[in-house]
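Each protein sequence line maps, in turn, to chains G and B. For the first sequence, counting from 1, position 15 maps to 15 in this note's numbering; every step adds exactly one. Each position in the second sequence, counted from 1, maps to that position plus 133 in this note's numbering.
No lab work stands behind these hints: they were computed from the structure. Among these hints, one or two may not hold up.
Stated by the list, open to error - If you anchor each label on the Cβ, the simulated ranges turn out as follows:
#: 1; chain 1: G; residue 1: 57; chain 2: B; residue 2: 175; range: 39 to 49 Å
#: 2; chain 1: B; residue 1: 221; chain 2: G; residue 2: 122; range: 29 to 39 Å
#: 3; chain 1: G; residue 1: 118; chain 2: B; residue 2: 163; range: 24 to 34 Å
#: 4; chain 1: B; residue 1: 171; chain 2: G; residue 2: 118; range: 19 to 29 Å
#: 5; chain 1: B; residue 1: 252; chain 2: G; residue 2: 115; range: 18 to 28 Å
#: 6; chain 1: G; residue 1: 47; chain 2: B; residue 2: 234; range: 15 to 25 Å
#: 7; chain 1: G; residue 1: 10; chain 2: B; residue 2: 194; range: 46 to 56 Å
#: 8; chain 1: B; residue 1: 158; chain 2: G; residue 2: 131; range: 18 to 28 Å
#: 9; chain 1: B; residue 1: 234; chain 2: G; residue 2: 21; range: 29 to 39 Å
#: 10; chain 1: G; residue 1: 28; chain 2: B; residue 2: 158; range: 41 to 51 Å
#: 11; chain 1: G; residue 1: 64; chain 2: B; residue 2: 255; range: 55 to 65 Å
#: 12; chain 1: B; residue 1: 241; chain 2: G; residue 2: 65; range: 51 to 61 Å
#: 13; chain 1: G; residue 1: 10; chain 2: B; residue 2: 190; range: 18 to 28 Å
Only a predicted model underlies this, so the values are computations on that prediction, with no experimental measurement involved. Where a beta carbon is used, it is the ideal one built from N, C-alpha and C, also for glycine.
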Amino acid sequence: MAKSPAKRTRPFSPNIQIYRPQLTSVLSIVNRITGVVLSGFAVVLVVWLSAAAAGPQPYATVQAAIASWAGQIVLLGCTFAFFLYLCGGIRHLIWDTGYGFELRSIYASGWAVMAASVVLTVAAWIASMFMGG
Amino acid sequence: MDRQRMRSPLACANGLGSAKEGVKQWWMERVSAVALLPLTLWFVASIIAHTGSDYAIFIAWLRTPLASMLMILLVIALFYHTALGLQVVIEDYVHSEAKFAALVAVRLGSFALAASGILATLRIAFGG
């Protein structure tokens, strides 16, 4: 049986292998990727809360995993993904009100999202180190 | 035999096109996003503030009515937003038979995780 037109493999448009990445398109897919990644960390949140509810020993086990080198690197990535998604989300909410669609505004807000995410991630970790002593 | 041929042209066209429910999905994505702005920032700030805290101090904080309530609200908004977002991602990229199973798994998984998170918070809030 011949494949229906909808099932036939068709080339992507735009062809993402030869298309030059732009800030706009990169931030668009980054917002989606960080959203999916943060879904995984939402599961970690529930595991962490459940461990805390189960008692000091389970909680200490989860805290030890987070405090390990691998855990800290993952947590750093999680922090950056969170602030990227947060700032990107605010940018989207502003677009939803109908503002900020001029090309200049789109690039300005895009770079602002990048800069704010880096600054907030660094600030959060410095504050955490300060609190941790 | 082709079932479509037994139906009137109007019957073939009815039910196609907009399901009239896309606006609700789009709107609830935004409503949950607005809820998550203060809730996630509160959570991150609280976690930073408790970096050096031991178990007893952390539990004592989470047991306060405000912290318990905000944590439950965070879990609800978080998994509602997650369910809506992952649904769109699956609908965009999964076109195989796995699509239906993935959509059901995301919806049910989000419910289960939200329930687990709420239960854990309540156990801490009302635990002895």
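Status of each hint after checking the structure:
Residue 57 (chain G) and residue 175 (chain B) have their C-beta atoms about 28 Å apart, which leaves the hinted 39 to 49 Å range violated. For the pair residue 221 (chain B) and residue 122 (chain G), the supplied restraint of 29 to 39 Å holds, since their beta-carbon distance comes to about 31 Å. Between residue 118 (chain G) and residue 163 (chain B) the Cβ separation comes to about 26 Å, which falls inside the hinted range of 24 to 34 Å. At about 22 Å, the CB distance of residue 171 (chain B) to residue 118 (chain G) agrees with the hint of 19 to 29 Å.
Hint check: residue 252 (chain B) to residue 115 (chain G), Cβ distance near 40 Å, so the stated range 18 to 28 Å is violated. For the pair residue 47 (chain G) and residue 234 (chain B), the supplied restraint of 15 to 25 Å holds, since their beta-carbon distance comes to about 24 Å. Between residue 10 (chain G) and residue 194 (chain B), the C-beta spacing of about 55 Å keeps the proposed range 46 to 56 Å intact. Hint check: residue 158 (chain B) to residue 131 (chain G), Cβ distance near 39 Å, so the stated range 18 to 28 Å is violated.
Checked against the given bound of 29 to 39 Å, the beta carbons of residue 234 (chain B) and residue 21 (chain G), roughly 33 Å apart, stay inside it. Distance hint for residue 28 (chain G) and residue 158 (chain B): a CB-CB separation of about 19 Å, inconsistent with the stated range 41 to 51 Å. Between residue 64 (chain G) and residue 255 (chain B), the C-beta spacing of about 25 Å breaks the proposed range 55 to 65 Å. Between residue 241 (chain B) and residue 65 (chain G) the C-beta distance comes to about 27 Å, which lies outside the given range of 51 to 61 Å.
Between residue 10 (chain G) and residue 190 (chain B) the CB atoms are about 58 Å apart, so this pair departs from the stated range of 18 to 28 Å.
The structure is inconsistent with the numbered hints 1, 5, 8, 10, 11, 12 and 13, although it conforms to all the rest.
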